[in-house]
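Those protein sequence lines, which keep their order, are chains B and E.
Taking my numbering, I'd label the letters of the first sequence as residues 1 to 79.
Taking my numbering, I'd label the letters of the second sequence as residues 1 to 79.
Everything labelled a hint here was simulated from the structure, so no lab data went into it.
The structure displayed is predicted, hence computed values, not measured ones.
There is no bait here: all hints are sound.
The list treats identical chains as one, so a pair stands whether inside a single copy or across any two.
Derived DSBU-like pairs (lysine-lysine); straight-line CA-CA distance at most 30 Å:
id, residue 1, residue 2
1, 19, 56
2, 10, 56
3, 64, 19
4, 64, 10
Protein chains: 2
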Amino acid sequence: MKAKIIITPKKAVLDPQGKTVQQALEHMGYRDIQAVHVGKYLEIELAGSDREAARKAMEEASHKFLSNPVIEDYQLVIE
Amino acid sequence: MKAKIIITPKKAVLDPQGKTVQQALEHMGYRDIQAVHVGKYLEIELAGSDREAARKAMEEASHKFLSNPVIEDYQLVIE
Chain B
1 MKAKIIITPK KAVLDPQGKT VQQALEHMGY RDIQAVHVGK YLEIELAGSD
51 REAARKAMEE ASHKFLSNPV IEDYQLVIE
Chain E
1 MKAKIIITPK KAVLDPQGKT VQQALEHMGY RDIQAVHVGK YLEIELAGSD
51 REAARKAMEE ASHKFLSNPV IEDYQLVIE
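Bound-form chain B, shown alone (with noise of 0.2 Å):
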């Protein structure tokens, strides 16, 4: 099983580095964007087979330890 965690600012959470890439693409000429947001991205590669409690404790690890709730928002898919 593969847990796949992606974790992003808040939208009302300044995020300097989407700014710098946002600028930097313009700057290469790319037109049309809008806004663009930088975050992490985790792949968890887990042993054993029951799906449910590799969610609780991925969920649980994503809340607690991953990110941090108070300016991020994480989004998780077991596989």
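Position chain E against the provided structure of chain B, taking the given hints into account.
Frame of chain B, contents of chain E only:
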């Protein structure tokens, strides 16, 4: 439209950040973790409605500029 880009280190490339997260998770009591890969996630909001042009531009930007194709892979999704 949105372009979502996931950039990960190639499997053959050392991923010390992934290793650190793996050890930390194990230390916190999470079992059954076989590997962790850490990458970047970019979400680019695009004006315009030409999906194919957007895909082409973002594909080029991902390859040339947003990722390092020598050591990284990327996945691009246009939504």
